[in-house]
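Colleague: Residue numbers (my numbering), protein chains in the order written: chain A, 1 to 185; chain B, 186 to 559.
Hints listed in this document are in silico derivations from the structure and should not be mistaken for laboratory results. For every residue, glycine included, the Cβ atom is placed at its ideal position computed from N, Cα and C. Mixed in with the good hints, there may be bad ones.
[To be verified] Derived pair list, reagent style DSS-like, types lysine-lysine, alpha-carbon separation capped at 30 Å: (1) 183(A) x 155(A); (2) 417(B) x 477(B); (3) 313(B) x 485(B); (4) 229(B) x 156(A); (5) 485(B) x 507(B); (6) 555(B) x 477(B); (7) 445(B) x 64(A); (8) 485(B) x 64(A); (9) 179(A) x 131(A); (10) 417(B) x 189(B); (11) 535(B) x 555(B); (12) 105(A) x 155(A); (13) 130(A) x 155(A); (14) 371(B) x 156(A); (15) 172(A) x 155(A); (16) 417(B) x 445(B); (17) 477(B) x 371(B); (18) 81(A) x 183(A); (19) 156(A) x 189(B); (20) 111(A) x 81(A); (21) 131(A) x 81(A); (22) 189(B) x 155(A); (23) 112(A) x 130(A); (24) 229(B) x 155(A); (25) 105(A) x 183(A); (26) 111(A) x 477(B); (27) 477(B) x 445(B); (28) 64(A) x 189(B); (29) 417(B) x 64(A); (30) 183(A) x 64(A).
[To be verified] Restraint ranges, calculated between C-beta atoms of paired labels, are given here: (31) 67(A) x 430(B): 53 to 63 Å; (32) 57(A) x 271(B): 42 to 52 Å; (33) 97(A) x 367(B): 51 to 61 Å.
[Unchecked claim] Example chain A residues on the side facing chain B (calculated, C-beta under 10 Å, incomplete): (34) 34; (35) 38; (36) 168; (37) 172.
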Amino acid sequence: MRTDIRIAGFGGQGVLMCGIVIAKAASLYDNNYAVQTQSYGPEARGGASRTEVVVSDEQIDYPKVENPEIFVAMSHEALLKYIDDIQEEAILLIDPNLVYQDEIKEIIEDKKLQVYTSKATETAEETIGKKIVANIVMLGSFVGATGVISVEAAKKSILDSVPQGTEDLNMKAFEEGMKIVEKIN
Amino acid sequence: MADKEYFVQGNEACALGALAAGCTFFAGYPITPSTEIAEVMSRKLPQIGGHFIQMEDEIAAVGAIIGASWAGQKVVTATSGPGISLMQENIGYAVMTETPIVIINMQRGSPSTGQPTRSAQADMMQTKWGSHGDYETIALAPSSVQECFDYTVKAFNLAEKYRCPVFVMADEIVGHMREKIVIPEKVDIVPRQMPEKTDNYLPYDAPENGTTPMPSFGQGYNIHVTGLTHDKRGYPSTDDEETHTELVTRLCNKITENTKEITSIEHQFLDDAETIVLSYGIPSRSALTAVKQARQQGLKVGYIKLGVVWPFPIDTLQELTKNAKRIIVPELNLGQVYLEVDRVLGKHAKVELLSKIGGALHTPGEILDKIVEE
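With the sequences and hints as input, model every part of the structure.
Modeller: Written as structure tokens, this is what we have:
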């Protein structure tokens, strides 16, 4: 079974890193297959940015995401820019402080989306004390909401990817993200 | 030591492949979308006693790797379209002097500076015809991160064996995509072979359709390396018709006459296939998805992927496609390898181009639509 995932946000929020950690977790530690691709242009340095991950239990031929079944949005602008081709009944995981929910009611109803919220940026800033780990908080929420990768694989992949000396901080961010995710519809 | 697994970009996998193949020298000029190759090489080569040089431009980059190759090093450069254009003069020099070099081309939208961050396969014919004169090159087209590693290793081995420029013709998508790769504990490497030193040593005394071991500077051989037509001693012999004919014919034949040895082709579902999708590089992944979908619909569709595009495997393709009525060639250009497929297979099957430019990969749906359209 193949799962197509898209993660979108501002350039600089760490959405790319988030995608790499998910794909690495799936392929190196869960023994599945994964491909990670990204928008690679000026938008990667500010403005709307995205990464896409395909996870599957069999070999992945077509490597790109056409109709995501999971969409993670860390900015309103990026959500609007990249959501059009989302699948019906897909999971939409948003940071409610960065996405205007009133403005996306229509697409949520049209596509019958399952909406999850995670105050990832606020939690990173206030609970963890470092805004920079918002992407890892969101990763925790992603694992909590979707289960596409195992908790153990996610943790190994984070430890493998973050700078030395920040392991505890990132583990805390991940755990917190798992806790704070809520389904709202 | 066991096999090792990494989760890396295609560009990084090319660099790891070069290092695994024994590369000790990189010269180049960074260019999107190939820059990560230079980045990895600049970090890793000094650690193993190798050398990384950022040159003033791509003309000089190929000059430097040709020189380093003659100094006994295994060498590589990496670039994209605009750099490849500048390299053409020295590529011809490497052909004529039979210098093993590997050139990695992460193709991007073109002509000129075009689309630096988008994908294309529009340099395929340039690889064959970009420098002046009659010559043949070898070109491999990876479609996955694992193949970026494997094909780069293979490129180094072919360069040593056939003493010629070998191209790894990847693209922006495969260069920037991340996947797991497995690096085997033991990688098969073709080492540089030193010739025997004899009293009447002839550095260019190669057999018909073949090569002769290559001496290195500083090892005591008297050698002369020139782009002029040369005799078996390596001395210029520019007005002797026989010398020129023999040399240039051998330079071409050492590749084309060994096509079966060099080539690599993957295929699936060919037994009863009436339509075959024939691809190379990144579109082959969309093609395989589309072919599997077509099979699910009960359509008699087959799949062929060229791992090595040049030399073109004429005989093998004619054999594999002899029962096909129709061949579809998806390419990220306006029709390049399609022309060769049509030339070679067009007499017994209808060959159709499925072209796409602009930077995005064909979707499986686009290829499936072409399959079902009659």
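Colleague: A separate judgement is required for each hint: does it hold in the structure or not?
Modeller: Okay, the hints, checked on the actual structure:
About 23 Å separates the Cα atoms of residue 183(A) and residue 155(A), which keeps this hinted pair within 30 Å; it holds. Taken as a hint, the residue 417(B) and residue 477(B) pair is broken in the structure, with Cα atoms around 53 Å apart against an allowance of 30 Å. Simply put, residue 313(B) and residue 485(B) have alpha-carbon atoms about 33 Å apart, too far for the 30 Å limit, and the pair is violated. For the hint linking residue 229(B) to residue 156(A), the alpha-carbon distance of about 25 Å falls within 30 Å, and the restraint holds.
With a C-alpha separation of about 15 Å, the suggested pairing of residue 485(B) with residue 507(B) holds against the 30 Å cut-off. In summary, the hint linking residue 555(B) to residue 477(B) is supported, as the alpha carbons are separated by about 14 Å, within the 30 Å threshold. Proximity of residue 445(B) to residue 64(A) is assessed by CA-CA distance (about 33 Å); at most 30 Å being required, the pair is judged violated. Restraint check for residue 485(B) and residue 64(A): the C-alpha separation of about 26 Å stays at or below 30 Å, so the hint holds.
Straight-line distance between C-alpha atoms of residue 179(A) and residue 131(A) comes to about 18 Å, which keeps the hinted pair within the 30 Å bound. As the CA atoms of residue 417(B) and residue 189(B) are separated by approximately 45 Å, the hinted pair breaks the 30 Å bound. Annotation: proposed proximity of residue 535(B) to residue 555(B) holds, straight-line Cα distance about 13 Å (limit 30 Å). For the suggested pair residue 105(A) and residue 155(A), the alpha carbons sit about 34 Å apart, so the restraint of at most 30 Å is broken.
Only pairs whose Cα atoms come within 30 Å are accepted, and residue 130(A) paired with residue 155(A) is accepted, the gap being roughly 19 Å. Of the supplied pair hints, the one linking residue 371(B) and residue 156(A) holds, its CA atoms being roughly 27 Å apart against a limit of 30 Å. Between residue 172(A) and residue 155(A), the direct Cα distance comes to roughly 10 Å. Compliance with the 30 Å bound is thereby established for this hinted pair. A C-alpha spacing of about 27 Å is found between residue 417(B) and residue 445(B), which places the hinted pair at or below 30 Å, so the restraint holds.
Restraint check: the Cα-Cα separation between residue 477(B) and residue 371(B) comes to about 34 Å, which exceeds 30 Å; the hinted pair is violated. Restraint check for residue 81(A) and residue 183(A): the C-alpha separation of about 23 Å stays at or below 30 Å, so the hint holds. Restraint check for residue 156(A) and residue 189(B): the C-alpha separation of about 17 Å stays at or below 30 Å, so the hint holds. A distance of roughly 16 Å separates the Cα atoms of residue 111(A) and residue 81(A); the hinted pair therefore holds under the 30 Å criterion.
A hinted pair counts as satisfied when its Cα atoms are at most 30 Å apart, and residue 131(A) with residue 81(A) qualifies at roughly 24 Å. The suggested pairing of residue 189(B) with residue 155(A) holds, with an alpha-carbon distance near 20 Å, which does not exceed 30 Å. Between residue 112(A) and residue 130(A) the CA atoms are separated by roughly 35 Å; this puts the pair beyond 30 Å, and the hint is violated. For the suggested pair residue 229(B) and residue 155(A), the alpha carbons sit about 28 Å apart, so the restraint of at most 30 Å is met.
Using a Cα cut-off of 30 Å, the hinted pair residue 105(A) and residue 183(A) holds, with the two alpha carbons roughly 15 Å apart. For the proposed pair residue 111(A) and residue 477(B), the alpha carbon gap of about 28 Å is at most 30 Å, so the pair holds. Distance hint between residue 477(B) and residue 445(B) is fulfilled; the C-alpha atoms sit about 28 Å from each other, no more than 30 Å. Distance hint between residue 64(A) and residue 189(B) is fulfilled; the C-alpha atoms sit about 26 Å from each other, no more than 30 Å.
For the hint linking residue 417(B) to residue 64(A), the alpha-carbon distance of about 52 Å lies beyond 30 Å, and the restraint is violated. Proximity of residue 183(A) to residue 64(A) is assessed by CA-CA distance (about 28 Å); at most 30 Å being required, the pair is judged to hold. Range check, residue 67(A) to residue 430(B): Cβ separation about 59 Å, and the 53 to 63 Å hint holds. In this structure the supplied range 42 to 52 Å holds for residue 57(A) paired with residue 271(B), their Cβ-Cβ distance being about 46 Å.
For the hinted restraint 51 to 61 Å between residue 97(A) and residue 367(B), the CB-CB distance of approximately 42 Å leaves it violated. A distance limit of 10 Å between C-beta atoms decides the matter here; for residue 34(A) the minimum to chain B is near 7 Å, and the interface restraint holds. The interface hint given for residue 38(A) holds, since its Cβ lies 7 Å from the closest Cβ of chain B, which is under the 10 Å cut-off. At a threshold of 10 Å, the smallest CB-CB gap from residue 168(A) to chain B is about 23 Å, leaving the interface hint violated.
For residue 172(A), the interface hint is violated, since its Cβ never comes within 10 Å of a Cβ in chain B; the closest pair sits about 24 Å apart.
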